[in-house]
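Following the hints, position chains G and H against chain S.
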Amino acid sequence: MTKFARNHWYAALWARELGDAPIGRRLLDEPLVLFRKKDGGIAALTDRCPHRLVPLSMGVLVDRGIRCGYHGLEFDASGRCVHAPSQDSIPPAAQVRSFPVAQRYGLVWVWMGNAALADPALLPVIEHYDSPGWERIDGGYQHHPSNYLNIVENLMDPAHTTFVHRLTIGNPQASNEPVKTERTDGHIVAYKWLLNSQPSPMDKQIMDFQGGSVDRGQFFYYHVPSMSRVDIVTMPAGLEHTEENMNRGLRNNSYKFVVPETGSSTHFFWLHLRNYKVGDQEWSDKMRNNLEKTFLEDREIEMAMQRSQQELGVRQLAGLQIDRAPGMALRMIDKLIQAES
Amino acid sequence: MTKFARNHWYAALWARELGDAPIGRRLLDEPLVLFRKKDGGIAALTDRCPHRLVPLSMGVLVDRGIRCGYHGLEFDASGRCVHAPSQDSIPPAAQVRSFPVAQRYGLVWVWMGNAALADPALLPVIEHYDSPGWERIDGGYQHHPSNYLNIVENLMDPAHTTFVHRLTIGNPQASNEPVKTERTDGHIVAYKWLLNSQPSPMDKQIMDFQGGSVDRGQFFYYHVPSMSRVDIVTMPAGLEHTEENMNRGLRNNSYKFVVPETGSSTHFFWLHLRNYKVGDQEWSDKMRNNLEKTFLEDREIEMAMQRSQQELGVRQLAGLQIDRAPGMALRMIDKLIQAES
Amino acid sequence: MTKFARNHWYAALWARELGDAPIGRRLLDEPLVLFRKKDGGIAALTDRCPHRLVPLSMGVLVDRGIRCGYHGLEFDASGRCVHAPSQDSIPPAAQVRSFPVAQRYGLVWVWMGNAALADPALLPVIEHYDSPGWERIDGGYQHHPSNYLNIVENLMDPAHTTFVHRLTIGNPQASNEPVKTERTDGHIVAYKWLLNSQPSPMDKQIMDFQGGSVDRGQFFYYHVPSMSRVDIVTMPAGLEHTEENMNRGLRNNSYKFVVPETGSSTHFFWLHLRNYKVGDQEWSDKMRNNLEKTFLEDREIEMAMQRSQQELGVRQLAGLQIDRAPGMALRMIDKLIQAES
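Protein chains in written order, with our numbering: chain S, 1 to 341; chain G, 1 to 341; chain H, 1 to 341.
The following block holds chain S by itself, in its conformation from the complex:
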């Protein structure tokens, strides 16, 4: 049985997915049903009627909440049974667990641990989410039939890009750049700068670097327990690498939320922010398509890894220097899990 860090907000679905029907989704191996309340808010309950264990997501919405599709038991957003068929009193066992819910960034977030600790201030922060001068591609979702640790490692690992993505975003020159690593309690960043190089033809087409050379930065952030941000900067060389100066260059921010479904499968939500080609829908469509394809390349690797891991009962047989940042991320997750148990 895989353990998870539970006292966190986890993305469960895109808010736009939720219409008039409840949606069942498994998170951290818990079956959840999510549905819209009459007041517009969203509720998350254990997706299992306590009577005969039928998923509540097979039921329908009613005024007071959700009604089981088998015998019509009704539950409100707190998980309390408010109607049982053919009887006046509600049996005490007829209730389901309710989970704190938040909405932000178009996503529905569920607090999977101790409800008393749920605090919207702990929701992840997406930089430039609504900033003017930035364009957003969002609503991305893939189901990855791999454990989430493989995906977190992958996202903290610049070294694989050349090989896994050689047909899409890979760049043969970049493969041997060493990365630096920094960390706090809640996040890690692995990054590298390539100084004084020539802008690519594509970069020059987007921005006039006035014939000068550029500095390229790559930042791979991991925020516990589920957020990855890859920040790619191409800026005129010679400027100090401040946040403000970086925004003068071209910047791509790729966010992923890696949410365990079970111990061996993962919800993969993504969105992308850029500070150029704002309003260019055609560019966005092409980019969305490329990103999806890239993530599927990773998925194929993850699935093959998982088969080997399950066969051998280990995750790895030999360590490399490039494992530093991914290893830090996994140790952070492990520490969170230990602290909760």
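These aren't lab readings, by the way, just hints derived from the structure by calculation. Since no wrong hints were added, every one of them can be taken at face value.
It does not matter which identical chain is meant; a pair holds if it fits inside one copy or across any two.
Derived pair list, reagent style SDA-like, types lysine to any residue, alpha-carbon separation capped at 20 Å: (1) Lys3 / Val314; (2) Lys192 / Asp88; (3) Lys38 / Ile23; (4) Lys180 / Asp88; (5) Lys204 / Trp283; (6) Lys293 / Met58; (7) Lys180 / Ser89; (8) Lys204 / Met287; (9) Lys192 / Ser86; (10) Lys180 / Ser86.
Same frame as chain S, but now just chains G and H:
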């Protein structure tokens, strides 16, 4: 390993299914091969040649019985090997279990327990099966990938109709009627009467109630271990509720035979009898179609329940008053199993 | 966990399958990657990068060997890592097992045991493989989802032909002929002669037996651990049964290599040699088609047997005299496995 009540007749297939080829079917987790004998009778053997364990149902029929498709061992209807290739004597271990078989109501019945106890008098009884003035729809079969207990509970449970079958036979008004329950050693009936109500437009179309009101009765019978009968009556109000008077009204009798295939899957045979629209094939076709659809609605619920049950390792977390009749049925089954072990 | 006799050459693939891309194939439950070296030779390594366990067969060929598709680690044909990304020294654990490889008869053979014992002199011998006057059909492959023991037994068992192959090659008259058996340390042969019978119309069409009768010989060879040869001879009656005289008749030699993939699935390579209709491609095509069909008939039986075996936990419940040769073959395999452990 699921336990079953074995000393009973179980429906194995519709007799019309059996042609010139043997048929393999699993009952109570035992592989059976059924085939027609030269004398027109039907035999049921363990579906496994004792030599190399190949299912005999992969073989062919021969004069003396059935011939294994691998090496040609022949077995007669008693399960005795009567021919072994390339040798004169038959090894004593070359025999398979034979099961008592009966034919009734177009079904082939197999006695799955101690053959010495097999008695045709113990076959289920179907009322009005051949009565004049009654029309029959039969030959119904569905495979339900759920344990049979979920199905027995469902069939003893009027309360789910409003919710599971809201798109087909469900009736919102009926949901809160309490049921009465009676039982003997061999069967239970849960029933309710709705007195002095108006006949439905459909009912009036079929029978002239002369503007008067009607009494509606619903009877849910369970006969151990596998027969369900749902008897729906609509009769002129004011008459005594005798069997004879009930037959003056409209009557639908829906029979199901719920036969465990394994611990987690079930053969679901059904037939239907009505005392109106006799000879109306179009009506029968429509009804068959509706019944099939209704049973598939139940099947979806059963499958979802089974997934939850397997995950949690329990069947139920909270009890309701409507569980009374289903609970009695399950206790009866349990008692039969206990008595046999 | 199934045990296998490892100190042997096993067919892994047809050499013509190997182009510019590596091929992953599991043998004796070991994942192998096979690929062509720059020098034209073929290498076989464990198909699992020691870093993150991704199959090397998902990678690409490079000058020095094979490159992992995840992070670009490169391995030479000896399994030594010769390049690791972003670092100068190679971690000692970064190596994979390499297996001795041989090419013969168009097949790639892998020595699955102790490499020090690998000796090309131990490769199987195929009679008349390149002999003038013989025609070859080769390249045959089927995947059989059954354990290899069922297949070895089947191939040493003339008695099943009449029944399993009654629609293809079966011959009702032949079923009760007893077989003789001979064995050495490395092989068994079960055989029978049918003397002074009439040539079939088909045989007469191929060869002029001058109106005389024929002797028919059937030889079922099993060479440990994986080669089966079925040698069918139809020769003029009255001649001594010497190898030379047998070659004067019609002769069909059907070779199979039965290579465990896992404990419950098998690679089935086959080729066929005949000493008539040399150069007749149409005949060969028809024959290939018939052989494939025949092997699929066996496969169906094997799969059904395996399901029964897995359910019961035994291979057989009753023994017959026809089990003699198959039983000897299984005991030989068992002895090899015992000797290695």
